[in-house]
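*Asks:* The residues making up each chain are set out below.
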Amino acid sequence: MPDKKQIKQSSSKALKKLLGYAKPYRPLFVLSTVFALISVGCTLYAPILIGKGVDVIVGVDDVDFDRLIPVIAGLLILVAVTGICQWLMSICTNRITFGIVRDLRNEAFSKLERLPLSYIDSHSHGDIISRVITDVEQVSDGLLMGFAQLFTGVCTVLGTLVFMLTINVKITLVVVLITPLSLFVPRFVSKSTYKLFHKQSVARGELTGLVEEMTGEQKTVTAFCYGDEAQAKFDEANKALADVSVKAIFFSSLTNPTTRFVNGLVYTGVGIVGAFTAFSGGITVGQLSSFLTYANQYTKPFNEISGVITELQGALASAQRVFSLLEEPEESSDSGLKELSSFDGSVDVDDVSFSYVENKPLIEDFDLHVRKGQRTAIVGPTGCGKTTVINLLMRFYDVDSGKISVSGEDIRNVTRASLRSGYAMVLQETWLKTGTIRDNIAYGRPDASEQDIIAAAKAAYCHSFIKRLPLGYDTVISDSYATLSAGQKQLLCIARVMLCTPHMLILDEATSSIDTRTEILVQNAFAKLMQGRTSFIIAHRLSTIKEADNIIVMKDGHIVEQGDHRSLMQKGGFYCELYNSQFAQ
Amino acid sequence: MFRLAKYLKHYKIQSIFGPLFKLIEACFELAVPLIMADIIDTGIKNEDSSYILWRGGILVLLGILGLVCSLTAQYFAAKASVGFGTELRTALFKHINTLSYAEIDKLGSHTLVTRMTSDINQAQTGVNMVLRLFLRSPFIVLGSVIMAFTISVKLTLIFIIISPALAFVIYKIMSSTIPRYKKVQKTLDRTNLITSENLVGTRVIRAFSRQKDEQQEFEKNAEELKKMQIAAGKISAIMNPATYVIVNLAIAAILWFGGKSVNIGGITQGEVIALLNYMNQILLALLAVALLVTNITKMYACAGRINEVFDVQPSVSDEGNTTVSEIPDSPKVEFRDVSFAYSGSGEHVLENISFTADKGMTVGIIGGTGSGKTSVINLIPRFYDTSSGSVLVDGTDVKKYPFTQLRTKIGIVPQKAVLFKGTVRENMRWRDRNATDEQIMKALETAQADGFVKQKQGVLDFEILQQGKNLSGGQRQRLTIARALVGDPEILILDDSASALDLATDAALRKAIAEQTTDMTVFIVSQRISSIKNADRIVVLEDGRVAGIGTHKELFGSCDVYREICLSQLSEKEVAEHA
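So the sequence lines, in the order shown, correspond to chains D and L. Start counting the first sequence at 353; every next residue gets the next number (our numbering). Start counting the second sequence at 17; every next residue gets the next number (our numbering).
If you are wondering where the hints come from, they were derived from the structure by calculation, not from laboratory data. Everything numeric in this text was worked out from a predicted model, so none of it was measured. Worth double-checking, as some hints may not be accurate.
[Unchecked claim] Only pairs whose alpha carbons sit at most 30 Å apart, straight line, appear in this in silico DSS-like list of lysine-lysine: (1) D:Lys-463 to L:Lys-415; (2) D:Lys-712 to D:Lys-571; (3) D:Lys-571 to L:Lys-28; (4) D:Lys-547 to L:Lys-314; (5) L:Lys-122 to D:Lys-819; (6) D:Lys-585 to L:Lys-170; (7) D:Lys-785 to L:Lys-458; (8) D:Lys-898 to L:Lys-472; (9) L:Lys-250 to D:Lys-907; (10) L:Lys-28 to D:Lys-591; (11) L:Lys-22 to D:Lys-551; (12) D:Lys-907 to L:Lys-527; (13) D:Lys-551 to L:Lys-458; (14) D:Lys-712 to L:Lys-485; (15) L:Lys-199 to D:Lys-571; (16) L:Lys-250 to D:Lys-375; (17) D:Lys-551 to L:Lys-485.
[Stated by the list, open to error] Where chain L lies over chain D, by a calculated footprint (3+ residues, C-beta under 8 Å): (18) 365-376; (19) 418-426; (20) 439-446; (21) 475-481; (22) 576-590; (23) 637-647.
[To be verified] Residues from chain D that keep clear of chain L, each with C-beta distances beyond 12 Å, as calculated: (24) Thr-385; (25) Glu-489; (26) Phe-515; (27) Leu-529; (28) Lys-543; (29) Ser-759; (30) Arg-797; (31) Tyr-825.
Glycine included, C-beta positions come from ideal geometry on N, C-alpha and C.
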């Protein structure tokens, strides 16, 4: 467990950084502070004015209207100023808050585009998203709004004290003496609530997990007639949640009544002491009424402050999560590297070693020399690391030692964009952007003409089904768009590369979701595309691989064999075993 | 929303007494300004210290009584609302369990999960709020007005004008901010979507070097979000100053008219102070009402969504069916002229399908994507009902079976390999609750899963994480196959269940199933010719119709569709060799 000092240190660091983000908004900050001070001052002065008003209303025929009129006029002006200042202050803090949120988000997002793939691959996407979205939101809600509240709260408390002291010291002492109670009660409540809430969220997490499993996979539950068992498990978790929830909800709802009670005590105390003081003429009735108003106002910021502090802590934790994302090491920069402009179709892998995890070597001493127009196939059982080779070729990952050259250039010496523009890539996992079909096909060439787009769609055999969609090429699709089958999505991904005329082609299980007869057609289209181009193919189906000039056979992350179909079959090794197994009886 | 009120029926006492105690507390609170007025008017004027102390004592007593009432009310509200949430959750879970595949397709399982979790939680919070505040706040407003009335009929006019004006302003501000905040939420969802999309598609985006464009799109969206938030914030920021101004206008009016009244002996000074206090209480109460209204709106929407699920009735039901006995000499499974359409779309996915499968037979079902393979096998356990024609198991229409009897005959391996949190053993007991370890091990062996399970710590006690995250795709798939095999089902259905397996494992698996399960009728759905080539009977589907039935050899000679599929996967020579 990190000790408290450390936590404090990193909290104050996060706070400092956050203040850095606030710099561009400095004028607004100043304005907001000024408005806050004015409105707090006015709010505090109002009860005094009202008290003065009460003081001139003494009894029958004893109301001094000449003095009442300026008091009321003053009150009206004061109120108008307060209202306007409060509103302007909110507008300023809003601008600061949402401005900083936008800046932080933009920076976090652009960071995502510069992070190495190893980060994105090895971190849960849900976690990254919650940093960019929820945590940033938390920072704005808790930290910035919290600051505004804390600032006005502290000002109000101090201001009230000053105003009260100017009226009467003794009664002020009564208020100050009861104050610890109004600090202690909410703190006690929030402390015990925190524990219960934590328990509740654990119980709720448990139940949600169960629901996600059982209801999320309702079909499996139905298929196995598992409904009764599921219900029994559910009831148990549901009951556990109910038990802890009643307590948590009850305790958390204690804050309001107990603070109301403490308020009542302060109020009564002020009333009694005030009344006695009034005997001796220490204060007027009007001043007493101002005091009573203060007594009500005075405890309110205390409750708010204790709430705000909890929220601030949460917000700081969120800020730390955002900053730790922003501080992740980035990919090496491309600036200053030259553009790879001419491709001769050659790819050379020299003595390459690579591992995802240190000390767990995956690829060792890998050599491969491909010339223009050659076809290289990578085969092996599932999970053997075939995609690793692609990660290295596309420079999604950098090699640990050795080098990969394209057209004789070490790929680390050229810009990533120019290297990748030489390849067209179709992956097994189809990815489509939320947008029209047209935009998706033209993703690699946004300036493509309509004819080119349709030609690419036709080449990938998707033109006919696109035309059958209600809006044709203008149909908006997304990753989860249900109307398209997995196969159709894959065809769209293929159309996307058909539009580019790259020098090299990478197909990673590019046709796995397409039925085999359509696949033949697509393969023909690929064959046309591959003519004269260097290509790398990963496929399950060995029949599509047999024609390759060079076959790389992988197993458990290692390259175990390399050669063409005939030589590998003659060798009678792992490839031969793999090939024959598909005809096993 | 009121339909859901029935889930409060076990908590009648709490739901009635909770708000009632709140009312009592409110009464105490309303009395406070009057007593203070007494202290000022009688106590100070007469310099009567025992009177002041006595009144002070009453104030403290009222405070304590109020606290007790309020705590009781909070407890009742917590008890009733949690009880409500718990019973509603149980009922909805039960209801979802009765739904058949057609309804799950229509509603979407993701939606169901949200209804079960966040919607019910929101509804529960709403009930709690209502029980605590619904009566209290309006009562305080009303009570303050009445108290003012007892002090001065004329001055009450100020209250009667100001309260609705306050209510109106609060309502106006809220009604114009709520839709704005909805829009903000939508834009935020879009920001979320873009981020998620970029993470998933990072390879493609980088391959096409489109990072800059994606960033621009995100920034445009973030800017839009900021503008919307500021616009919505601008309006909701009016709330506090506006109510403050209105209440203080009223206070100014009370001072002026109260002063006039005091001057002619209508009311006393202390009563003016009491009136000022009541005004402040009205403001606080109305702000609480505003919060309440927001919550009720949310709750209303949640209740609507929950009721939507309750309104969906299962389209497939086994009500009234009694145990069916086997009709001797009938085929194990028979399709008689079956046509089928998913509800909602008039288009038939299956048309006039007829075939039989005898006991112990292996039937392969092959066809392109969308040819209706999965639809065929989904009809056997009666996940859906046919549109016309019938599916028979052991000579009896599946519609006549109780679900449990029909489905315990069947072991099914769905396309998606789904496992549940728990030990391997627990997962293996889904089909047969009483399976012994030996039975489970045997099933694991047949499914080619014994090897890796034995290597896991604890073997059968190995804890599988939610969604089987700590297993590879191939391992999950083999475990789902084993799960279906436990307890020797009469019918085994493999729906493209070998897609994540490499060819060698796939072949070994089929071999083991063929050897181990001679009496079992096995259906294998696949796109791979190699998986079904050796089946006793192969059903070739094309666009929802049967294109051919027979063995590999027969079909290769007679069925064009089948031959095409074969040739697309194997070379001519291979086909001939292995035919």
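*Asks:* If a hint holds in the structure, say so; if it doesn't, say that too.
*Replies:* Hint-by-hint comparison with the structure:
1. D:Lys-463 to L:Lys-415: 58 Å, violated
2. D:Lys-712 to D:Lys-571: 40 Å, violated
3. D:Lys-571 to L:Lys-28: Roughly 37 Å between the alpha carbons, so the hint for D:Lys-571 and L:Lys-28 is violated.
4. D:Lys-547 to L:Lys-314: 27 Å, holds
5. L:Lys-122 to D:Lys-819: Holds. L:Lys-122 to D:Lys-819 sits at ~26 Å (cutoff 30 Å).
6. D:Lys-585 to L:Lys-170: 64 Å, violated
7. D:Lys-785 to L:Lys-458: Not satisfied, since the Cα-Cα distance of roughly 46 Å exceeds 30 Å.
8. D:Lys-898 to L:Lys-472: Judged against 30 Å, a Cα distance of about 37 Å means the pair is violated.
9. L:Lys-250 to D:Lys-907: 62 Å, violated
10. L:Lys-28 to D:Lys-591: Given that 30 Å is the threshold and the Cα spacing comes to 19 Å, the pair holds.
11. L:Lys-22 to D:Lys-551: Given pair L:Lys-22, D:Lys-551 holds - Cα atoms ~29 Å apart, limit 30 Å.
12. D:Lys-907 to L:Lys-527: 23 Å, holds
13. D:Lys-551 to L:Lys-458: Roughly 41 Å separates the two Cα atoms, so the pair is violated.
14. D:Lys-712 to L:Lys-485: 22 Å, holds
15. L:Lys-199 to D:Lys-571: Violated, at roughly 35 Å.
16. L:Lys-250 to D:Lys-375: 22 Å, holds
17. D:Lys-551 to L:Lys-485: It holds: about 25 Å lies between the C-alpha atoms, which stays within 30 Å.
18. 365-376: With 0 residues in contact (Cβ-Cβ under 8 Å with chain L), the coverage given for the stretch 365-376 of chain D is violated.
19. 418-426: With 3 residues in contact (Cβ-Cβ under 8 Å with chain L), the coverage given for the stretch 418-426 of chain D holds.
20. 439-446: holds (count 4)
21. 475-481: n = 3 at 8 Å, threshold three: holds.
22. 576-590: Our answer is that it holds, as 10 residues pass the Cβ test (under 8 Å) against chain L, meeting three.
23. 637-647: Answer holds; 5 residues pass the 8 Å Cβ test.
24. Thr-385: 17 Å, holds
25. Glu-489: D:Glu-489 is in fact no farther than 12 Å from some Cβ atom of chain L, at 8 Å.
26. Phe-515: For D:Phe-515, whose nearest Cβ neighbour in chain L is about 17 Å away, the distance exceeds 12 Å, so it holds.
27. Leu-529: 16 Å, holds
28. Lys-543: 18 Å, holds
29. Ser-759: 18 Å, holds
30. Arg-797: The claim breaks: D:Arg-797 does not keep its Cβ more than 12 Å from every Cβ of chain L (closest is about 9 Å).
31. Tyr-825: 19 Å, holds
The structure fails hints 1, 2, 3, 6, 7, 8, 9, 13, 15, 18, 25, 30 (numbered hints given earlier, in ascending order).
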